[in-house]
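**Student:** Here the protein sequences come in this chain order: X and F. Mind the numbering: the first sequence is residues 1 to 129 in our numbering, read in order. Mind the numbering: the second sequence is residues 1 to 134 in our numbering, read in order.
Partner residues are not named here, just some residues of chain F that face chain X (Cβ under 8 Å, in silico):
hint, residue
1, Gly12
2, Val15
3, Ser37
What the hints contain is simulated information worked out from the structure, not anything from laboratory work. From the three backbone atoms N, C-alpha and C, an ideal C-beta is built for every residue, glycine too.
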Amino acid sequence: MALELAILGWAGVLAVVQLVLMAVPANLQLGSAYLVTARDEQRQLSGVPARLKRAYDNHIEGLVMFAVAALVVSVSGRSTGFTQGCAVAYLAARVVYIPLYAYGIPYVRSAVWAVGFFATLLMLLAVLL
Amino acid sequence: MGTEIGILALYGLFVIVVILLQVLAALPQVGLVALASARDTMAPLTGVAARLDRAQLNCVIGLALFAPAAIAVQMLGLSTGATVLAGQIFLIARLVYVVVYAAGIPWLRTLAWTASILATAYLYIVAMGGAAAA
Numbered sequence: 001m002a003l004e005l006a007i008l009g010w011a012g013v014l015a016v017v018q019l020v021l022m023a024v025p026a027n028l029q030l031g032s033a034y035l036v037t038a039r040d041e042q043r044q045l046s047g048v049p050a051r052l053k054r055a056y057d058n059h060i061e062g063l064v065m066f067a068v069a070a071l072v073v074s075v076s077g078r079s080t081g082f083t084q085g086c087a088v089a090y091l092a093a094r095v096v097y098i099p100l101y102a103y104g105i106p107y108v109r110s111a112v113w114a115v116g117f118f119a120t121l122l123m124l125l126a127v128l129l
Numbered sequence: 001m002g003t004e005i006g007i008l009a010l011y012g013l014f015v016i017v018v019i020l021l022q023v024l025a026a027l028p029q030v031g032l033v034a035l036a037s038a039r040d041t042m043a044p045l046t047g048v049a050a051r052l053d054r055a056q057l058n059c060v061i062g063l064a065l066f067a068p069a070a071i072a073v074q075m076l077g078l079s080t081g082a083t084v085l086a087g088q089i090f091l092i093a094r095l096v097y098v099v100v101y102a103a104g105i106p107w108l109r110t111l112a113w114t115a116s117i118l119a120t121a122y123l124y125i126v127a128m129g130g131a132a133a134a
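Make a model of the complete structure from these sequences and hints.
**Tutor:** What follows is the structure, given as structure tokens:
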């Protein structure tokens with residue numbers, strides 16, 4: 001198995017961990033009695049649970065693109081040390097992104113987001129160019 | 001490299017570009033300080049920045065749907081001229097979708113979205129037919 005696919009698997013695990021990390025404080029804040037309903041009345045999260053929700057949503061979006069990049073690299077047999085390095089950088093950035101968001105550390109979070117984003121971009125470019 | 005996978009890679013690249021454009025559109029509207037913050041109290045986007053935000057979200061959903069179908073068709077060896085054409089229609093429809101969304105043109109956007117979803121559905125039908133035959 002290409003390293004990119006193993007990293008993709010771990011990125012999937014990270015998304016599940018993030019879901020739990022977001023759902024537990026969300027349940028504490030909004031109450032499980034509300035969350036089990038159809039949520040017709042919109043209640044907004046605030047504070048750290050809201051940040052963890054935004055971090056989770058952002059990873060789901062990033063994961064869709066990274067999954068495509070990892071699968072395209074792997075299926076087309078274009079895995080190199082460079083694309084593997086990009087995949088490792090993606091996962092590392094995504095892990096670091098979570099506490100940076102939760103603690104509300106500005107700029108560094110944006111920079112770390114950019115690492116994951118451009119790692120994905122470079123993997124796709126490595127296949128296409 | 002097979003063509004459906006090539007189209008998938010191109011579309012992934014396109015989605016990344018759309019996200020970059022969205023950030024660039026949001027930047028002058030809310031400012032770098034707000035974007036870099038934890039966004040606890042960020043004002044909602046408006047105008048083209050908001051449209052690109054919605055278009056970007058829709059593009060990511062489209063990517064999540066298109067990717068399994070394209071990979072399945074390729075890996076099951078079901079690629080034909082028709083499936084490649086479906087992939088090309090998907091890609092062009094998605095390009096049109098974003099431009100038309102940003103410009104705020106009604107109906108044509110819906111039409112482009114529909115073309116992209118039908119092209120994706122076609123790939124799933126081909127993949128399921130091939131998987132059933134295998």
